[in-house]
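From just these sequences and the hints, can you work out the full model?
These protein sequences, in sequence, are chains A and B. For the first sequence, this note's numbering begins at 1304 and goes up steadily by one. For the second sequence, this note's numbering begins at -2 and goes up steadily by one.
In short, the hints are calculated from the structure, not lab data. Given the structure is predicted, the values throughout are model-derived calculations rather than measurements. Some hints could be false.
If we take Cβ atoms under 8 Å as the criterion, some of the chain A residues that face chain B in the derived model are [to be verified]:
hint: 1; residue: His1322
hint: 2; residue: Ala1335
hint: 3; residue: Tyr1340
hint: 4; residue: Ile1358
hint: 5; residue: Glu1372
hint: 6; residue: Asp1410
hint: 7; residue: Thr1413
hint: 8; residue: Leu1414
hint: 9; residue: Met1415
hint: 10; residue: Ile1418
hint: 11; residue: Leu1419
hint: 12; residue: Tyr1457
hint: 13; residue: Thr1459
hint: 14; residue: Asp1513
Cβ coordinates follow ideal geometry from the N, Cα and C atoms, glycine included.
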Amino acid sequence: MDKLDKLKSAWKSQDYSNHKVSTSDIYKMLLAKSSSYVKWIFYISIIEFALIIIINLSFDNKKYMKIYEEMGMQNMILAFTILSYAIMVFFIYLFYKNYKKICIDCDVKTLMDRILKTRKTVRSYIYFNISFMAITSAIMFYEIFSSKKNVVIYKTMSDIPEDFSTKYLLIAITIVMILFIGLILLIYRIIYGILLRRLNKNYKELEQLDK
Amino acid sequence: MTKNLEQQFVKLLDENQNIIHKVCRVYTSNSDAHKDLFQEITIQLWKAYPKFRGDAKFSTWMYRVGLNTAITLYRKSKRQIQTSDISDFHYKLESSEYDDEIEEQMQLLYKAIHQLSDVEKALILLYLEDKPYKEITDLMGITEVNARVKVNRIKTKLKTILTP
Chain A
1304 MDKLDKLKSA WKSQDYSNHK VSTSDIYKML LAKSSSYVKW IFYISIIEFA LIIIINLSFD
1364 NKKYMKIYEE MGMQNMILAF TILSYAIMVF FIYLFYKNYK KICIDCDVKT LMDRILKTRK
1424 TVRSYIYFNI SFMAITSAIM FYEIFSSKKN VVIYKTMSDI PEDFSTKYLL IAITIVMILF
1484 IGLILLIYRI IYGILLRRLN KNYKELEQLD K
Chain B
-2 MTKNLEQQFV KLLDENQNII HKVCRVYTSN SDAHKDLFQE ITIQLWKAYP KFRGDAKFST
58 WMYRVGLNTA ITLYRKSKRQ IQTSDISDFH YKLESSEYDD EIEEQMQLLY KAIHQLSDVE
118 KALILLYLED KPYKEITDLM GITEVNARVK VNRIKTKLKT ILTP
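Here's what the structure looks like:
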């Protein structure tokens, strides 16, 4: 019998009766709040969805619509808005469906897999939104800058002197857009990395075992 | 949830609380963190209990929820990072046949286990609990062959630590 086998029987005879939690303390624990990771993932995901809705709504006001009407872009903006809300509803549905599948009493790998899938839905949505924002902005700016009338309206709306070079304005807008998207991606990667670091590490280890 | 269900659950948990203590002892390194994890596992068990249909033994189900909580759901508390003193949380060995040497080896074993990864800790815990490989694979979600290979590797690692 080797050392580990010997210890195995000692292991099984460990008795924690000196630390026994009383039934009254168990009852108290049942009322305590969970500090579960999944709960945090749920809250953070909801915050992400809410933030995007708030950002969308803040851009969705009448003042902007009037300007878009003047530029003759109201139908395009309306189509983008409807499309973005339809896609958001689809992602929220996917998120909810995946979240409901998280089961504490399934095997360790399945649980991790389902949590990661739930997070992936939110991550895909964020990436989708950034891409959507970049593409629609590109289309919108193309529409604005391909018409002299629209450039004048845009400059007036943005308090930019009319004689300011349109070329430089376009370069400045592109740089600001790239920096803005880059910043969002960076912040998101940091938050995502911190939130899922341990889970990803453990999941990779389990996956490695099955290779 | 009915009072009856609650009473039934507390009775079962009370009878099997050694399992939770063992999981906590493996995954935490001080008594405050041990208590935190014990509470979190209890909460998760209670939340999942209405769905427990008795297909598996209550103790097996407890391992499942306990390990899932320790590996995946539990956010390590600051207390766990700040201190590493489990000496204030001591178990007893039931039988008197275990001498001081075994006791010392058990302390060494725990020290060695604390150096393992979360997944390795789960595998060695189930091995030391003498769980059949079928059950280990069901709990971890990996194949039996891979579970065996990994457990053997961990055993070799532990033996090296235990035999300086």
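What are the numbers of the hints that this structure violates, sorted from low to high?
Going through the list in order, the structure violates hints 4, 5, 11, 12, 13 and respects the others.
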